[in-house]
Amino acid sequence: MAIELSLTQFLTYSSKVSTSAKINYIRQVKNSEYDPSVDYWKKLRDEIKKTHEKNLPIEDLLELPKRVSEKKAKNYQRAVTKYVSFIRKNNASYFPVGKSFWSYSDDLFVRTSPEIGLTIDGKNFLVKNYYKKKDTNTKVTKRNIGSTLTMMQLSEKYFAVDSSEFSVLNLQNGGLITAKPLMSESVLELELEAQNFVNIWNKV
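Going by UniProt numbering, the sequence shown wraps up at 204, each residue one higher than the last.
If you're looking for bench data, these hints aren't it; they were derived computationally from the structure.
It is possible that part of the hints are untrue.
[As the list claims (entries may be wrong)] Taking lysine to aspartate or glutamate and the DMTMM-like style, the derived pairs with C-alpha atoms no more than 25 angstroms apart in a straight line are:
1. Lys-180 <-> Glu-191
2. Lys-203 <-> Glu-63
3. Lys-16 <-> Glu-185
4. Lys-74 <-> Asp-35
5. Lys-203 <-> Glu-33
6. Lys-133 <-> Glu-4
7. Lys-74 <-> Glu-191
8. Lys-134 <-> Glu-63
9. Lys-134 <-> Asp-121
Just so we're clear, the structure is a prediction, and the values are computed from it rather than from any experiment.
Please build the complete structure, drawing on both the sequences and the hints.
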C-alpha cells in the first residue's frame, strides 16, 4: 500500500535541515492519524478560502484569531497578518483551483492541490500556503523546497493550468517562493527526495 501524504507534510519533510530532523519528522507523521478536529490550521485554511470565494474584505480575516483557542491565537495572528499584508501589498485577486496529485511508483502518493489561485500584476500563481511557525530544524527556502515546487509542476491536475506559476507562500515571513522552469535535474532531485522519504519510512 502506498504511503499517503499531504503537500504540507512533504514540504515540511523537504525543508528539514538535517537527516536526523527528517527521520524524527517521518516517525511523527507515520505514528499519527489525520483528524479534522485536531488539524491546527484547518480553521484558517477554510476561512481564507471562504473570504475569497464570497469576495469578502480581506481584512475580515484579522478577526479570526479572536475566535480560536488562546493556545492558537498568537500563531494565527502571525499567519493572518502576513497573509493579509501580502494580499494588500500585491493587490492580489483570487481565482479558484482544483485538485491534483503526484505519485512515485507505487510507493508514495501525495495530495498536491494548491489552496488558492492568485493573480498578481497580470500573472497567475497556483499557491500553497505554508502556515507552520519557525523552528530551528526547518528552513523554508527556495533551495530546500525546490523538490516540492517541482512536484506541484509535475502533478496530475484536474483543472486548467494555462500559464500559471506554482508557488509556496511562506507565512513565516510573507515571502512568495515560485518554481523555476522544469529541468531534468529538478526531476531527479524530486525522485531522490521521494525515494529517501520512502526508505526512511520503511525503516522507522
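Are there hints from earlier that the structure breaks, and if so, what are their numbers?
-> Result: hints 2, 7, 9 break, sorted rising.
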